[in-house]
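Listed below, chain by chain, are the residues.
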Amino acid sequence: MTIEWEVVIGLEIHAQLATRSKIFSSSSTAYGAQPNSQANLVDLGYPGVLPVLNGEVVKMAVKFGLAVNCEIARRSVFARKNYFYPDLPKGYQISQFELPVVGRGEICITLDDGSRKRVGITRAHLEEDAGKSLHEEFQGMSGIDLNRAGTPLLEIVSEPDMRSAEEAVAYMKGMHTLVRYLEICDGNMQEGSFRCDANVSVRPKGQEEFGTRTELKNLNSFRFVEKAINLEVERQIDVLESGGKVVQETRLYDSAKNETRTMRLKEEANDYRYFPDPDLLPLLITEEEIEAVRSTLPELPDEKRERFCSEYKLSDYDARVLTASREMAAYFEAVVEASGGEPKLAANWVAGELSAGLNRSGTEIGDSKVSASALAGLLKRIADCTISGKIAKEVFEAMWDGEGDADDIIEKRGLRQITDSAAIEKIIDEVITANPGQLEQYRGGKDKLFGFFVGQVMKATQGKANPGQVNQLLKKKLA
Amino acid sequence: MHDKTISELSRSLRSGDFSSVELTTHLLDRVESLGPHLNAFVTVTGELALEQARKADQTRAAGDSGPLNGIPIAHKDLFCTDGVLTTCGSRILDNFISPYDATVVGKLKKAGAVMLAKTNMDEFAMGSSNENSCFGPVKNPWDETRVPGGSSGGSAAAVAARLLPGATGTDTGGSIRQPAALTGITGLKPTYGRVSRYGMVAFASSLDQAGTLTRSAEDAAIMLGTMAGFDPRDSTSAEKDVPDYRATLEDNLDGLRIGVPTEFFDDGLMPANKTAVEEAIRELEKLGAKISEIHLPNLGLSVPTYYVVAPAECSSNLSRFDGVRFGHRAQEYDDLTDMYKKTRGQGFGAEVKRRIMTGTYVLSAGYYDAYYLKAQKVRQLIAADYAEAFKSVDLIAGPTTPTPAFELGAKTHDPITMYLNDIYTIGANLAGLPGMSVPCGFVDGLPVGLQIVGPHFCEARLLNVAHRYQQVTDWHTRAPEMTVGGTPTA
Chain A
1 MTIEWEVVIG
11 LEIHAQLATR
21 SKIFSSSSTA
31 YGAQPNSQAN
41 LVDLGYPGVL
51 PVLNGEVVKM
61 AVKFGLAVNC
71 EIARRSVFAR
81 KNYFYPDLPK
91 GYQISQFELP
101 VVGRGEICIT
111 LDDGSRKRVG
121 ITRAHLEEDA
131 GKSLHEEFQG
141 MSGIDLNRAG
151 TPLLEIVSEP
161 DMRSAEEAVA
171 YMKGMHTLVR
181 YLEICDGNMQ
191 EGSFRCDANV
201 SVRPKGQEEF
211 GTRTELKNLN
221 SFRFVEKAIN
231 LEVERQIDVL
241 ESGGKVVQET
251 RLYDSAKNET
261 RTMRLKEEAN
271 DYRYFPDPDL
281 LPLLITEEEI
291 EAVRSTLPEL
301 PDEKRERFCS
311 EYKLSDYDAR
321 VLTASREMAA
331 YFEAVVEASG
341 GEPKLAANWV
351 AGELSAGLNR
361 SGTEIGDSKV
371 SASALAGLLK
381 RIADCTISGK
391 IAKEVFEAMW
401 DGEGDADDII
411 EKRGLRQITD
421 SAAIEKIIDE
431 VITANPGQLE
441 QYRGGKDKLF
451 GFFVGQVMKA
461 TQGKANPGQV
471 NQLLKKKLA
Chain B
1 MHDKTISELS
11 RSLRSGDFSS
21 VELTTHLLDR
31 VESLGPHLNA
41 FVTVTGELAL
51 EQARKADQTR
61 AAGDSGPLNG
71 IPIAHKDLFC
81 TDGVLTTCGS
91 RILDNFISPY
101 DATVVGKLKK
111 AGAVMLAKTN
121 MDEFAMGSSN
131 ENSCFGPVKN
141 PWDETRVPGG
151 SSGGSAAAVA
161 ARLLPGATGT
171 DTGGSIRQPA
181 ALTGITGLKP
191 TYGRVSRYGM
201 VAFASSLDQA
211 GTLTRSAEDA
221 AIMLGTMAGF
231 DPRDSTSAEK
241 DVPDYRATLE
251 DNLDGLRIGV
261 PTEFFDDGLM
271 PANKTAVEEA
281 IRELEKLGAK
291 ISEIHLPNLG
301 LSVPTYYVVA
311 PAECSSNLSR
321 FDGVRFGHRA
331 QEYDDLTDMY
341 KKTRGQGFGA
351 EVKRRIMTGT
361 YVLSAGYYDA
371 YYLKAQKVRQ
381 LIAADYAEAF
391 KSVDLIAGPT
401 TPTPAFELGA
411 KTHDPITMYL
421 NDIYTIGANL
431 AGLPGMSVPC
441 GFVDGLPVGL
451 QIVGPHFCEA
461 RLLNVAHRYQ
471 QVTDWHTRAP
481 EMTVGGTPTA
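Taken in order, these protein sequences are the chains called A and B. Letter 372 of the first sequence, counting from 1, is numbered 372 in the working numbering, and no numbers are missing. Letter 215 of the second sequence, counting from 1, is numbered 215 in the working numbering, and no numbers are missing.
A few of these clues could be false.
If you want the ones that stay clear, here's a sample from chain A, every Cβ over 10 Å from chain B, calculated [said to hold, decoys possible]:
| id | residue |
| --- | --- |
| 1 | His176 |
| 2 | Asp186 |
| 3 | Asp254 |
| 4 | Asn258 |
| 5 | Leu345 |
| 6 | Ile432 |
| 7 | Gln441 |
Mimicking DSS-like on lysine-lysine, the simulated pairs with C-alpha atoms at most 27 Å apart in a straight line are [claimed, not checked]:
| id | chain 1 | residue 1 | chain 2 | residue 2 |
| --- | --- | --- | --- | --- |
| 8 | A | Lys390 | A | Lys476 |
| 9 | A | Lys266 | B | Lys110 |
| 10 | B | Lys240 | A | Lys59 |
In short, the hints are calculated from the structure, not lab data. Ideal placement from N, C-alpha and C gives every residue a C-beta, glycine not left out.
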């Protein structure tokens, strides 16, 4: 008898908060500076220095908490997590342990098939990042770069509510969208601004008790999350089915080898000896402060998606694609406004040609070579039948390449659509005359040849004939 | 001129009796001749001091009449001093030159005080006898076979020996008041949060407080007035105005309610000390104070509570001394863990190691609740005892220490006996209260201290009481006989 296994996943997401200075010092958080050029005495853990909390960080945590309907702790406490490592200058990380700033809440995620699922959030707490150890650059030595030490992080801990790698990815994407909507994290995964650890276990379907879990580290892309979880699920099932036991441990995902391997066993785990940091007072948040942050909350992805469906009559799928980022949604709405209607057409173009162009060139929508008003100019010409959708793609390419606005290009290239019925009829007649064989077959019942005639007409007009009119007139002439 | 107090020196400087350079040169001579004998200093910053003295003479000529302008002082060697060795009495920092000034150091510098030296201390402020320094013990100027108390022993010995008119210290469990008592000087530990801890190398962050060692309450008022105040770099410093401590020194004590805790007069208190302290309290009564008996029922728990809380914090605070970025690093090691072990093994002394181990233990999974959490609860009980007492009295008075200075080596074999030396002082730290020790007599030629403790931020009242007491007594003016090569110099 084979057992049907159920996968149980919980994620810990580390979102780097987009503050200018660090969580407990005035050093810059900008990425990519010379090693140790952005580490002051506080970041270096010099004797006698003290941490001072950056107020922006608190506002961002509250903003997140409000967005996912979490409880905001009126009093939370910073604690020290003690362990030795060269890139941890003080020998402890300032984090939050028993009393985090953000308590229980939930987020609604959308799976690829459009179905939706609620995922519980256990808590979110503030902490400082460690520095980086560089082992490769130095022969027989390790280099330490403390630029990242003290960078503010919001660690978002989910409930073990996800049941597949796909759900885990959907959750992570949902969070990724949310933190960027809230403008509390730039979401840059290459630079490590948004990363996650996954707790994975399996249990026989129907069993209430959780199986032994392992923690997967170093998952810094959506693809790696999916791959690593699937690998780990497979490994755990193999172990259990061959009569073994899953060992509680931390495993590292190696994307180059596409494998996970033991990093440390539970027995080797540090006793972090958490205790309240006596250098920092408890963090007190007043009702007024919470309300002040609430008033800065933007329209959230879900609200926006629903509005797009009702206001623009878009499908749920289109609305979801267009609200994937705040910038894309804003671009879309600007196109709709400038083009004077036709939201469905705007949706197709933003989610279609424009997104494809951005992806190909690796450009952010904010830096798009075709601005929202320029795209709107193109869509107007489609709407008023100056050009067909097909020709519009050519015009779009030219716009992307910087040849000017839609009207310039249409004019310069002579792409204006032929809508003169007499002119179209004349071309149809020529096409029919030139293809007597096909005409005979068509009239003999081979309906499929209709497409052949359409093609020939379009070819003869370099695609400029109005397709609707061509169809209508052809039907008449061929009958 | 070395017998003068800060306020007297300040007057002399202003009236032109001598310059700051002359004063500094004179004290430097004494520091160089008598300092090594007492082992009171880790570093003497002679050149820097003369430069600062010259600058002070110039600014005074230009109209700066601040009470500390041109006054030589010393800093306990755990205050970070820009460009100057800052060792904390530890081998692990014996090469550490701080790249910045502690807030306290910066404020005193700005007020024109001349930094003449960094004083010896118990390693990382852990000790009650100054025998835990990697630079060897400090000797008590009243009897060089005895300890000066600790951990601010170097500061206390230097001020008592008239090498300097004042020095900074820190008090985590009595480290200012106890050495002040044992060397016959005036020690002030302010309210927790009154003085910034920024740049003061941490021992136990929730207990540490910077204060003063001087020869009079008036001098303590002068120094505290400069040192105190909110510091945006220390989240635990109080956002509270600093009063003019000197303005209220002369206030009369009529009707002042002073409580005497019966728990302070237990079997551990040496009878001769008891007599001296009781006499001092009678003196306060003569000045108008109303004396009554009070109770601090949980006082007996203060030493064990302290020896859970302080080591817990120190075990974490001292983790940064790992040989990676500054300070001592072992010469040879196999790997990272070996580097940590050897560096810290070589760098820390026995008492520091004992406290790191104790602290690590009480914070460990499975022991946290039984030790650390319970100690925090008891700490609240002790603070509540004081709060209750201050409903019926304005200040509390009693002995600073159970005995006068003990002999070098007498207690080093038994840490518990050593710890009990702080039984009367630790309570104020656990409750965050300000306290002072004022000289109130002698037992067999050794000084005895009277301790006064008050509610939070009542430093002005404490200084007022101490000052009025010093106006009617002369214990604080007595100086030990110092000899260089057999010649009395006092």
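Taking the hints in turn, this is what the structure says about them:
1. His176: holds (33 Å)
2. Asp186: Holds, since 28 Å exceeds 10 Å.
3. Asp254: The assertion about Asp254(A) holds, with a minimum of 22 Å to chain B.
4. Asn258: holds (29 Å)
5. Leu345: holds (56 Å)
6. Ile432: holds (86 Å)
7. Gln441: Check passes; 83 Å lies beyond 10 Å.
8. Lys390(A) with Lys476(A): With a Cα-Cα distance of about 24 Å, the restraint between Lys390(A) and Lys476(A) holds, given a limit of 27 Å.
9. Lys266(A) with Lys110(B): The given pair, whose Cα atoms are some 54 Å apart, is violated under the 27 Å limit.
10. Lys240(B) with Lys59(A): holds (26 Å)
Violated hint: 9 only; the structure is consistent with all others.
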